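The primary structure of each chain is shown beneath.
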Amino acid sequence: MATRIDADEVMRKVAAGAALFDVLPASVYELVRLPGARSLPLETFRTESVNDLQRDVAIVVYCYDQH
Amino acid sequence: MFDLIGGRATWTALGLPTEGSVGDRGRVAASVQRVDSVSFHATMADVRKSAPRYPLAVLGANDVLLGAIEATSDAEPEETPVAHLMVPAPHTIRGAVRVDDVVKRLRKDHLDRVFVTTVNGVLLGEVTLDELERKK
Numbered sequence: 001m002a003t004r005i006d007a008d009e010v011m012r013k014v015a016a017g018a019a020l021f022d023v024l025p026a027s028v029y030e031l032v033r034l035p036g037a038r039s040l041p042l043e044t045f046r047t048e049s050v051n052d053l054q055r056d057v058a059i060v061v062y063c064y065d066q067h
Numbered sequence: 001m002f003d004l005i006g007g008r009a010t011w012t013a014l015g016l017p018t019e020g021s022v023g024d025r026g027r028v029a030a031s032v033q034r035v036d037s038v039s040f041h042a043t044m045a046d047v048r049k050s051a052p053r054y055p056l057a058v059l060g061a062n063d064v065l066l067g068a069i070e071a072t073s074d075a076e077p078e079e080t081p082v083a084h085l086m087v088p089a090p091h092t093i094r095g096a097v098r099v100d101d102v103v104k105r106l107r108k109d110h111l112d113r114v115f116v117t118t119v120n121g122v123l124l125g126e127v128t129l130d131e132l133e134r135k136k
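Heads up: the protein sequence lines correspond to chains B and D, in order.
Per the working numbering, residue 1 is the first one in the first sequence, and the count goes up by one each step.
Per the working numbering, residue 1 is the first one in the second sequence, and the count goes up by one each step.
If you are wondering where the hints come from, they were derived from the structure by calculation, not from laboratory data.
Please note that a few of the clues may not be correct.
[Claimed, not checked] Straight-line distance between alpha carbons at most 20 Å, and here's what the computed SDA-like set of lysine to any residue pairs gives: (1) D/Lys108 - D/Val122; (2) B/Lys13 - D/Val122; (3) B/Lys13 - D/Pro17; (4) B/Lys13 - D/Ala61; (5) B/Lys13 - D/Asn62; (6) B/Lys13 - D/Gly7; (7) B/Lys13 - D/Glu19; (8) B/Lys13 - D/Asp3; (9) B/Lys13 - D/Lys108; (10) B/Lys13 - D/Val64; (11) B/Lys13 - D/Pro90; (12) B/Lys13 - D/Asp63.
Note that the coordinates shown come from a computational prediction; the quantities given were computed from them, not determined experimentally.
Whole structure, please, built from the sequences with the hints as guidance.
Written as structure tokens, this is what we have:
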């Protein structure tokens, strides 16, 4: 279960090294995304997509609005 | 794992910067530059230590923009609190505003720069008329 955080907290976490993921379709990600976000479309998500992440790295995700 | 409340829609509504092929193109968010700032609790001695460029942003808790110090304050005694000298509630704009609109407003108001904040008043930086005109 994800903990919901506001934009200020997202900025703090990303500055502290958190990985930021955009779970929107790749075509939407290409148009507009948060700075530094990686594309991880929910519709095609596979666990191998995040194999490169360290286990202790915080993960922040976002969708278009509130799901 | 953490989830951004309100998603990307809230982020852009706050005027925060974005990337991408559309991203902030045509919006002032793409032209925001760093601006010198000082705490509301500082004195002119603190200001002079940093050799700032004026106008200097005065920030409260959570980097909320409270006011600005103009160059005319530079002659004030070192012990003078910034809070006594700042011009409160300076003019600000959001990052989502279109460059064309801001250029018109700055020209009309005879201003060469303006602070950029989120809707919550958190300082993001400033944009200058010169930079915006270059990007038009």
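Taking the hints in turn, this is what the structure says about them:
1. D/Lys108 - D/Val122: Status violated; Cα separation ~25 Å.
2. B/Lys13 - D/Val122: 17 Å, holds
3. B/Lys13 - D/Pro17: 16 Å, holds
4. B/Lys13 - D/Ala61: Status holds; Cα separation ~18 Å.
5. B/Lys13 - D/Asn62: Cα-Cα ~15 Å, so holds.
6. B/Lys13 - D/Gly7: Since the Cα atoms of B/Lys13 and D/Gly7 sit roughly 15 Å apart, the hinted pair holds (cutoff 20 Å).
7. B/Lys13 - D/Glu19: OK: B/Lys13 and D/Glu19 at ~18 Å, within 20 Å.
8. B/Lys13 - D/Asp3: Measuring from Cα to Cα gives roughly 11 Å; hence the hint holds.
9. B/Lys13 - D/Lys108: 40 Å, violated
10. B/Lys13 - D/Val64: Measuring from Cα to Cα gives roughly 19 Å; hence the hint holds.
11. B/Lys13 - D/Pro90: 29 Å, violated
12. B/Lys13 - D/Asp63: Holds - the C-alpha atoms of D/Asp63 and B/Lys13 are around 16 Å apart, at most 20 Å.
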